[in-house]
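We have chain A already, so just place chain B on it with the hints.
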Amino acid sequence: MEVAITLQRLRWVAKRGKGALREAAEAVAHVLADPKAIYEGVRWDCDSDKESDSDDWLCYSGIPKEAFATDGRPHAPYEGEVLLVFVNSDGVAYLWRWDECDDDDTTAPRDWRTRFCKKVWPK
Amino acid sequence: MTTNDRTRRILAMGDSAPPFSPCAYYDRDGDFIESFVRDEGFKGQRLDKWVTVYIGRESGEIVGSCVKDVRKLMALYPGLDIEIEEGDEVALSYILRAPAWSEGDPVKLKTYRALIRKAEEANLRAVLEPVG
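Going down the list, the protein sequences come from chains A and B.
With our numbering applied, the first sequence covers 1 to 123.
With our numbering applied, the second sequence covers 1 to 132.
Just chain A, with the same shape it has in the complex (with noise of 0.2 Å):
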């Protein structure tokens, strides 16, 4: 699948500076190049049944080569974490993030066993 990220998301990623947008432009571009893992059913509701209420939203967990500092800098990635990139079912990467690893797999975000409805790669 093809993965765009929008106009108007670059324009309010623009308002945190350079290092904000080397992010989306270079951490995120790698991530959805060489993902660690990705989840299945962002929306879901833990509370609810998972068949019934999941839903065909992406997230990549990842960790690319570099992290930036807020003026642009680059740096190692942040130890302990992982860079989440959600796409949604039209293949707009909407939104990302650095999230706290999970406790017994260091490529995945924690908790990801409640948080998504399935992992879809690996299998």
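Worth flagging that the hints you see were computed from the coordinates, not collected in a lab.
A portion of the hints provided could be inaccurate.
[Stated by the list, open to error] With a Cα cut of at most 20 Å, we get these calculated PhoX-like pairs of lysine-lysine:
hint	chain 1	residue 1	chain 2	residue 2
1	B	K108	B	K43
2	A	K119	B	K110
3	B	K108	B	K49
4	A	K36	B	K43
5	B	K43	A	K15
6	B	K110	B	K49
7	A	K36	A	K123
8	A	K118	B	K110
9	B	K108	A	K18
10	B	K43	B	K72
11	B	K43	A	K65
Showing chain B alone in chain A's frame:
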């Protein structure tokens, strides 16, 4: 367009960006409101299924938030009495009151109160758009 061209064009968007000021933004592709009260690197800390709090890497304080499934949230809490017309602006503090109202965990409730206070102090408002 090559990867380098694309990267350059994205980075160039920062050249004309004004200095940071507290802001909120509704994203129709993801149906969420993201907000920032401080320009600082952050990491996400999931509060519950509705809200992720952004914690500043240097200050350790709340620097922003992301409220998900805004439409579902408003449908679940009609008492919010927010009807969305194209281009309507809504105070983030109103939206946050819905999940806060149903939160039973006192620690999370305290975080919600801090988020609402910051949203009010910064007068954070987002322009909601109808989906579809």
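Hints versus structure:
With a CA separation close to 17 Å, the supplied pair K108 (chain B) and K43 (chain B) stays within the 20 Å bound. For the hint linking K119 (chain A) to K110 (chain B), the alpha-carbon distance of about 33 Å lies beyond 20 Å, and the restraint is violated. Straight-line distance between C-alpha atoms of K108 (chain B) and K49 (chain B) comes to about 12 Å, which keeps the hinted pair within the 20 Å bound. Taken as a hint, the K36 (chain A) and K43 (chain B) pair is honoured in the structure, with Cα atoms around 19 Å apart against an allowance of 20 Å.
At roughly 18 Å between alpha-carbon atoms, K43 (chain B) and K15 (chain A) fall within 20 Å of each other, so this suggested pair holds. Between K110 (chain B) and K49 (chain B), the direct Cα distance comes to roughly 17 Å. Compliance with the 20 Å bound is thereby established for this hinted pair. Of the supplied pair hints, the one linking K36 (chain A) and K123 (chain A) holds, its CA atoms being roughly 11 Å apart against a limit of 20 Å. For the proposed pair K118 (chain A) and K110 (chain B), the alpha carbon gap of about 31 Å is over 20 Å, so the pair is violated.
About 33 Å separates the Cα atoms of K108 (chain B) and K18 (chain A), which puts this hinted pair outside 20 Å; it is violated. Only pairs whose Cα atoms come within 20 Å are accepted, and K43 (chain B) paired with K72 (chain B) is rejected, the gap being roughly 25 Å. Our distance criterion of 20 Å between C-alpha atoms is met by K43 (chain B) and K65 (chain A), whose separation comes to about 17 Å.
Of the numbered hints stated above, those contradicted by the structure are hints 2, 8, 9, 10, listed in ascending order.
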